[in-house]
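J.: Sequence:
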Amino acid sequence: MTVDATVTTAPTPLTPDRLAALAAEVAEEVRQGLHEIHFDAEDRWSVRLHADDHTDVWLISWTPEQSTRLHDHAGSLGSLTVVTGELVERYWAGGLRERTLADGEVGRFPLGHVHDVVNASDAPAVSVHAYSPPLTAMHYYEVGGDGALRRTGSVLTTDPEPDVPTLDDVPTREEVGR
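Residue 178 is where the sequence shown ends in the UniProt record's numbering, and the numbering goes up by one at each step.
Treat the hints with care, as some may be off.
[What the hints assert, rightly or not] Label pairs and their computed distance ranges (CB to CB):
| id | residue 1 | residue 2 | range |
| --- | --- | --- | --- |
| 1 | D53 | E105 | 24 to 30 Å |
| 2 | R97 | T152 | 16 to 22 Å |
| 3 | F39 | P11 | 34 to 40 Å |
| 4 | H38 | D103 | 17 to 23 Å |
| 5 | H54 | S154 | 21 to 27 Å |
| 6 | L96 | S121 | 16 to 22 Å |
| 7 | R69 | T136 | 15 to 21 Å |
| 8 | P64 | L96 | 20 to 26 Å |
| 9 | A93 | F39 | 28 to 34 Å |
| 10 | H54 | G153 | 24 to 30 Å |
| 11 | E28 | G145 | 42 to 48 Å |
| 12 | V155 | P64 | 22 to 28 Å |
| 13 | A93 | P11 | 20 to 26 Å |
To be clear, the hints were calculated from the coordinates, so they are not data collected in a lab. Ideal Cβ placement from N, Cα and C applies to all residues, glycine included.
Generate coordinates for the entire structure from the input sequences, incorporating the hints supplied.
T.: Written out as structure tokens, the structure reads:
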């Protein structure tokens, strides 16, 4: 499937290409030391660097093995730029595909792009993410035994790093009855 990254398919005047340019601009600010970075071995650390009616821009740090779950950004387009390190993006394109993004490389995601991002390296990584319109929700997915993509839940959020319960966190009927 080929996606034309110049076509806007969400209620925003910005395109994935413009979001990529914005994320790259802010990534350069991070490289110049204009934004403080923190690392947390337990949870990915993030901070919103910019917000307006059309965009929000986030700085996210990743220690080794940290990852998101398979998700999309609901009604938002997006882009990420790797500031330092290396991130692996697993994305749905009729099946799970994978690409590695290293220092300075950009990933664009159109409306409905389902992906998971992981720091599979031994070194920390830092990335800048831009969304338009600003995030309001995220949908989560899994790939079933039949190879089909299945939505498992949604969360209303303005944060790209929401604390989302997993199925392991939901008590069983037996546990509720105790």
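J.: Can you let me know if the beta-carbon spacing of H38 and D103 is within 17 to 23 Å?
T.: holds, 19 Å
J.: Return holds or violated for the Cβ distance of R97 and T152 against the range 16 to 22 Å.
T.: 20 Å Cβ-Cβ, so the 16 to 22 Å window holds.
J.: Does the hinted range 24 to 30 Å hold for H54 and G153 at CB?
T.: holds, 27 Å
J.: Please check whether H54 and S154 have a Cβ separation lying inside 21 to 27 Å.
T.: Hint holds: Cβ distance 23 Å, inside 21 to 27 Å.
J.: For R69 and T136, compare the CB-CB distance with the range 15 to 21 Å and indicate the outcome.
T.: Since R69 and T136 have Cβ atoms about 18 Å apart, the given range 15 to 21 Å holds.
J.: Could you tell me whether the CB distance from V155 to P64 stays inside 22 to 28 Å?
T.: holds, 26 Å
J.: Go ahead and decide if the range 20 to 26 Å is satisfied by the Cβ distance of A93 to P11.
T.: Holds, since A93 and P11 (Cβ atoms, about 24 Å apart) stay within the stated range.
J.: State, for the Cβ atoms of D53 and E105, whether the hinted interval 24 to 30 Å holds or is violated.
T.: holds, 29 Å
J.: For the range 20 to 26 Å, tell me whether the beta carbons of P64 and L96 fit it or not.
T.: Holds: the Cβ-Cβ distance is about 21 Å, inside 20 to 26 Å.
J.: Mind checking the hinted window 34 to 40 Å against the Cβ distance between F39 and P11?
T.: For F39 and P11 the Cβ distance comes to about 35 Å; the hint holds.
J.: Quick check: does the Cβ-Cβ distance between L96 and S121 fall within 16 to 22 Å?
T.: Cβ of L96 to Cβ of S121: about 20 Å, so the range 16 to 22 Å holds.
J.: Okay, E28 versus G145 on CB: inside 42 to 48 Å?
T.: For E28 and G145 the Cβ distance comes to about 44 Å; the hint holds.
No hint from the list above goes unmet by this structure.
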